[in-house]
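Numbering (our numbering), first residue to last: 141 to 787.
These are computed hints drawn from the structure, not numbers from a lab. Note that this is a predicted model, so its numbers are computed, not measured. Any given hint might turn out to be false.
As the list claims (entries may be wrong) - Label-pair restraints from in silico Cβ distances:
| id | residue 1 | residue 2 | range |
| --- | --- | --- | --- |
| 1 | H441 | M732 | 51 to 61 Å |
| 2 | G469 | G346 | 44 to 54 Å |
| 3 | G404 | D226 | 39 to 49 Å |
Unchecked claim - No more than 25 Å apart at the CA atoms, straight line, and that leaves these computed lysine-lysine pairs for DSS-like:
| id | residue 1 | residue 2 |
| --- | --- | --- |
| 4 | K763 | K707 |
| 5 | K413 | K197 |
| 6 | K373 | K337 |
| 7 | K707 | K748 |
| 8 | K735 | K707 |
A virtual CB, placed ideally from N, CA and C, is assigned to each residue, including glycine.
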Amino acid sequence: MTLRWELPDGSFRTGESGITGQDLAGAIGPGLARAAVAVELDGELLDLGRPLHTSGKLRIITDRTEEGRDILRHSAAHVLAQAVLDLFPGSTFAIGPPIEDGFYYDFGIDHPFLPEDLSRLEERMEELIAADQPFIRRSMSRAEALEVFQSHPFKLEIIESVDPSEVAEGEEVTVYSNNGFVDLCRGPHVPSTGRLKAVKLLRSSGAYWRGDENRPQLQRIYGTAWESRRSLKDYLHRLEEAERRDHRKLGPALDLFSFPRQLGAGLMVWHPKGGMVRKLMEDHSRKLHEHFGFEFVFSPHLARSQLWETSGHLDFYSENMYPPMVLDGGDQYLVKPMNCPFHVLIYRSRGRSYRDLPIRLSELGGVYRYERSGVIHGALRARGFTQDDSHTFCTRQQLPAELDMHLLFVLSWLRDFGFSEFEADLSTRPDKFVGDPQLWEVAEEALLRSLQKGGVSHRVAEGEGAFYGPKIDVHVRDTIGRRWQMSTIQVDFALPDNFGLEYADTDNVFRRPVMIHSAKAGSIERFFGVLVEHYAGAFPLWLAPIQVTVSPVADRHSDYARQVAEKLESVGLRVRVDASSDRLGEKIRRAMTAKHPVVMVVGDQDVKNATVGLRRFGETQEKRAVPLPEIAAALAEEALPPNSLPG
RNA sequence: GCUGGCGUAGCUCAGACGGCCAGAGCAGCUGAUUUGUAAUCAGCAGGUCGUGGGUUCGAGUCCCACCGCCAGCUCCA
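Put together the whole structure using the sequences plus the hints.
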């Protein structure tokens, strides 16, 4: 029987029933045959070696695509499992999926994997790959599978759990075997182990079975696999690049901030240079808040436990709060993990009318959250941090317009700091929720509409909203493509209820306002940490703590250097004169290492002509004889805070 | 919190098997040098070897506990 397949480009191919994807790829071209790892027929992924028996839409998956790499990595995970079972008899294996940029496999084994074990395993994997063992697919009944995997309890659990995404539909399960090693797997796989060109094991760690900390802890090995040595090298280079940008290294190295051990985990201090950047961030934040109609409020760092009872934090958040201090007549005081209850009290400090709404309160509020020791991560996840927190109280009718405005605000803010790629998550009503389902729907709809209006690419995270309301989290991509969660806009139905907030409406009926929590930077500390990584420590001119270093060539140019500095300072620039007796090369190197955006070199010629030599960070070639007044004006202009506000 | 790894000067690192006064480079200080675009030379100073116990004639090296850091799990701004 002749079958007919439609390819993605709209062309058609025909072939006899029983022909394989490999044959088909070969018929199209030898390059494609080499790159092919699987085919997709009517949405179903099949091994290259699977005989095709139906016509339909067909796509050949190559190892240059993410899908193709997933298959590659999945196969690499199998080979890893094979190596572990070879080298560590008695170990049992759980699951080994592909993940972003790699794969992992979890093992039940009493021996933790050490770095030297990884080298041994890698060697064993190389042998298995060199042997070019074919992956052979087979279906079997569940009963038979239970027999085959009888000594592997995790596999048994998977077989019994009937999760089709892990095994197969119906009563049959599929397994893949190569040279005596059998793994439960839905496939597809590459045709043979020899197709794995570039595999590397990266690290080992513990991981809970099924991601549940109450279940057994397994030993996980992470690895990566690529279609070529070249791609693997590029990936490893990307890892190095990320390491080079690590804010935990750059922060102390550039004298921005530090985490003195004496303070305890997750608590940082800002040095003057980091403090300058923070000041500029905060100035900018306040300016934008003012522009968008926010008012500034301030609140203390602690409050009686009763407040947190009313707000619901003691019920829902207590495990993240520091233990109470007992004062005076036994009153308990708690350090704040959030600012919202304080702002609610400001709202409630007097009667409110519809004429007052919306009320938008903003605060750079220091909060403290008890984070489990293992999750602390530099400035990105600290125990003490500052939220650029705001709470907007409005009517239901005002909600859509307010959300539009908040999103606009967030995007302006992020753009100003050099981010241009945004992705939003819209988290909707979870199973456990408070409030009126209809109101939820209205709010979710309004959030969605705001995203569409703002032209922000987004995905809907069904059921992932907080119990008190739906939310938008805005993520950015940094210079090297990493995704960071930054801003958040959350609708809250619970807090106005808990505190019995109300306003007098036009018909003189008291109604409950809706509340919007929003943080544009999220946490100032975290935002700053991300900025350091985004810019690799080389801040743009408007944010750089030291904008210009003036380096006299010799002592006799020092006076002129100081005049240059004064001129620059007079137009608002932050300047430093390097009057040390080092050679010029050393002064340049020092300024570049400290990532100062501009170095001005002044020598005899410059003194005579009122010019400077100009060298900018990131440029290898300097400019000579640049007239001072011009460059001062140009830099002053460039150093202004950005303004991406519409209108 | 869990699993594993790690902790020697401000930073990056040396310090087989436990054994004379714990080393280097950079940074710092002092002096010399006055230099036109990514490291001038010399000298000096700097360490409770994360903390506390223990084993030992003797501990930076071995054991235990705690603290902190790193990777991941879980959780999250």
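Outcome of the hint check:
A beta carbon spacing of about 41 Å between H441 and M732 contradicts the range 51 to 61 Å that was offered as a hint. A hinted range of 44 to 54 Å holds for the C-beta pair G469 and G346, which are about 47 Å apart. Checked against the given bound of 39 to 49 Å, the beta carbons of G404 and D226, roughly 46 Å apart, stay inside it. Of the supplied pair hints, the one linking K763 and K707 holds, its CA atoms being roughly 19 Å apart against a limit of 25 Å.
Of the pairs offered as hints, the one joining K413 and K197 is violated, with about 60 Å between alpha carbons and a cut-off of 25 Å exceeded. A C-alpha spacing of about 12 Å is found between K373 and K337, which places the hinted pair at or below 25 Å, so the restraint holds. Between K707 and K748 the alpha-carbon distance is near 16 Å, which keeps this suggested pair within the 25 Å criterion. With a C-alpha separation of about 22 Å, the suggested pair K735 and K707 falls inside the 25 Å cut-off, and the hint holds.
Hint compliance for this structure: hints 1 and 5 are not met, and every other hint is.
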